[in-house]
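S.K.: Which chain is which? The protein sequence lines are D and G, in order.
Under my numbering, the residue at position 104 of the first sequence is numbered 104, and the numbers go up by one with no gaps.
Under my numbering, the residue at position 100 of the second sequence is numbered 100, and the numbers go up by one with no gaps.
Hints listed in this document are in silico derivations from the structure and should not be mistaken for laboratory results.
It is possible that some hints are incorrect.
[Claimed, not checked] Computed list of chain G residues with no C-beta within reach of chain D, every gap over 12 Å: (1) ILE90; (2) GLU125; (3) ASN140; (4) GLY182; (5) LEU187; (6) GLU239; (7) LEU271.
[What the hints assert, rightly or not] If you want a taste of the chain D side facing chain G, the calculated C-beta under 8 Å gives, among others: (8) GLY22; (9) VAL23; (10) ILE27; (11) ILE78; (12) ILE143; (13) PHE147; (14) LEU279; (15) LEU282; (16) VAL284; (17) PRO315; (18) GLY335; (19) LYS336.
[What the hints assert, rightly or not] Derived lysine-lysine pairs resembling DSSO-like cross-links, with alpha carbons at most 27 Å apart: (20) LYS133(D) with LYS288(G); (21) LYS6(D) with LYS336(D); (22) LYS186(G) with LYS74(D); (23) LYS161(G) with LYS74(D); (24) LYS186(G) with LYS133(D); (25) LYS161(G) with LYS297(G); (26) LYS177(D) with LYS259(D); (27) LYS74(D) with LYS286(G); (28) LYS297(G) with LYS186(G).
All residues carry an ideal CB built from backbone N, CA and C; glycine is no exception.
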Amino acid sequence: MMFWEKSKPYIWAIGISFLAIGVLVWILGYSPLEAFKTLLFKPFSSKFQLTATTLKFIPLLLSTYAFSIPFILKNFNIGASGQMLVGGTVVAIVGLSFESHPISPWILVPLLLLVAAVSGGLFALIAGYLKVKFGVDVVISTIMLNFVGFYLASFVATTPPWKAPLTGHPMTKELPKWALLPTMGDLHIGIFIVIGIAVLVHYVMTKTVFGYEVEAIGHNPRASEIHGIHIDRIVLMTLFIGGAMAGLAGGIEVMGVHKRLLEGFNITSGADFGTFGSLTALMVEGNTIAIPIVAYLVAALLNGADSMQRTMMLPVELVFLIQAAMVLLIVSFRGKFKE
Amino acid sequence: MNALDEIVRSIVTYMPIYTLSGLGIVIGGRAGIFNISGEGAMMAAASAGYLSAVFMGNWYVGFLISMVMGALFGLLLEFLHEEMKVNQFIAGIALVIFGTGLSDFIYKLVVGIKFYIPDAPPTPEIRIMPDIPILSAFFNQNIVVYFTYISVIVAYYIMYKTRIGIEHRAVGEDPRAADVVGINVKLVRYLATIIGSAFIGAAGGYLPLVITGTYTPGIASGRGFIAVGIAIFASWRPERTFLGAILFATIEAIALQMQVSEIGVPYQFLLMLPFISLLLVMALFKGKIEHPSSLGKPYSRE
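Bound conformation, chain D alone (with noise of 0.2 Å):
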């Protein structure tokens, strides 16, 4: 009964969404039903498919975690983009720089990961740095910085001695192979990376000290303070390990899928992974079982909308309109079914 209270809003959201969307398919001549077969089905249909919507889905739960985290203290943190890019960067950086000296991966390969994660974390510190001391909205600094990460990332995906010889995309050079994640078949490690994130950060927030301190402080600031929690160090703190899920997040994409820096790496069915994770966040509301489980169901759905672009021309931003509405919905629903 309770279960079934508590996804009323959620089945209600979903089942509008997709009506409204259904209209809006029909209305342009296509086919609902077939739009909502490769939207739904082709990304669990083959194997290939499979890994397709698993690939998606490793950057996606870590820039879910990098919205969720930081909002349990209300702080809005849209700069997973910036922090991915950042990450993506620095790892190229160091990647590269040990071109010509190869090293043990089982060294460089975590030291790698580290460095993301660290360099994400930086990043979002910044905004936290500026929340903290100056009072700048998370929201606004974050949104800034996405812009600076990107335009740090089109630098050195753009300039020697980093950037690949005759290509007219930007791109750094390929990196050495002992940079590289290892893979099995076509996807690489970083899916077992994400699943020990996934259970660490669900044993972090239900049964360690920081976690419920965390949570007390989400729920009620004030109290919180009186009681000897100092909030400030729990807002850099959760900040900082926002940036760096997204920072590993461009690592593990850098090192994993494209095995090298490119303009772009961030953005996946026509919009960016920190996007798409802050929506998904917004939907789960920080329950730690389900943000993986709607994480890669929103991969999916981003894969079933690349193939219905291609087999059916019907436009991947589709997907942005399903996904927004959704969010809006359940948000609504949420608020007027506790009335």
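Fit chain G to the supplied structure of chain D, relying on the hints for placement.
M.R.: Just chain G now, kept in the frame of chain D:
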């Protein structure tokens, strides 16, 4: 002299983007609505305005449609906030994505299949100044520049010299007190957000209709967010919004100029300038920035 004249001209040409969008955010903010959906509204307005201008063959229709599109976003934002009790930031972020998706979606549906991308009809210009260098750059300009000057003056006048303006600001400062003295808080917030978003839409339409002549995906490229920064920087005052807009138009024009003249600084760092300067400005002017007291907060009678 000529080069300077050229730069001033481009500053004045870029100015309406920031003034109109910043003004729109100020108008909403003064009623307590923190409208960060600007980027999405600008994109959707750009796409809708461009397409309707091209297909109707009429510049004015395009500009008007972009304002209408903006207004619809304002209506949606305020509806979500007021009736569905959605947090303003959440609604704003979702609308940014909605607008970004919508703009490319309609564009791809209508034009995407064609190889030939038509240009928008030319923008009407008004020339009322003799050719005095620099000064004429402010006045011998396209019609939207004049529209912008008038909008700032009218907004300033209404906000500070009329009863409507007092009520408008009262809602932003203290909705409960405003309610007690009989002001319809909800109505004021709806109107302010819708009118404000119409201005944001105008800024969006300005991009393809005047600046580039055609729509390209991602056309707003963060300007809708810069506008939020300008509104904050301006302490939510129309006349300071104009100054902030001139400042950011100058940064953009200079960055563009430096890019063309290849002065050795990588262009990416020049393009970062507006965003970094905004962060610096917000940090440096920390104590001097004032916000309407109820900004971002919902109001209900219970």
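S.K.: With reference to the structure, classify each hint as holding or not holding.
M.R.: Hint-by-hint comparison with the structure:
no.	hint	verdict
1	ILE90	violated (6 Å)
2	GLU125	holds (32 Å)
3	ASN140	holds (33 Å)
4	GLY182	holds (27 Å)
5	LEU187	holds (21 Å)
6	GLU239	holds (22 Å)
7	LEU271	violated (5 Å)
8	GLY22	violated (15 Å)
9	VAL23	violated (15 Å)
10	ILE27	violated (11 Å)
11	ILE78	holds (6 Å)
12	ILE143	holds (5 Å)
13	PHE147	holds (4 Å)
14	LEU279	holds (6 Å)
15	LEU282	holds (6 Å)
16	VAL284	violated (13 Å)
17	PRO315	holds (4 Å)
18	GLY335	holds (4 Å)
19	LYS336	holds (7 Å)
20	LYS133(D) with LYS288(G)	holds (15 Å)
21	LYS6(D) with LYS336(D)	holds (12 Å)
22	LYS186(G) with LYS74(D)	holds (25 Å)
23	LYS161(G) with LYS74(D)	violated (37 Å)
24	LYS186(G) with LYS133(D)	violated (35 Å)
25	LYS161(G) with LYS297(G)	holds (26 Å)
26	LYS177(D) with LYS259(D)	holds (9 Å)
27	LYS74(D) with LYS286(G)	holds (21 Å)
28	LYS297(G) with LYS186(G)	holds (13 Å)
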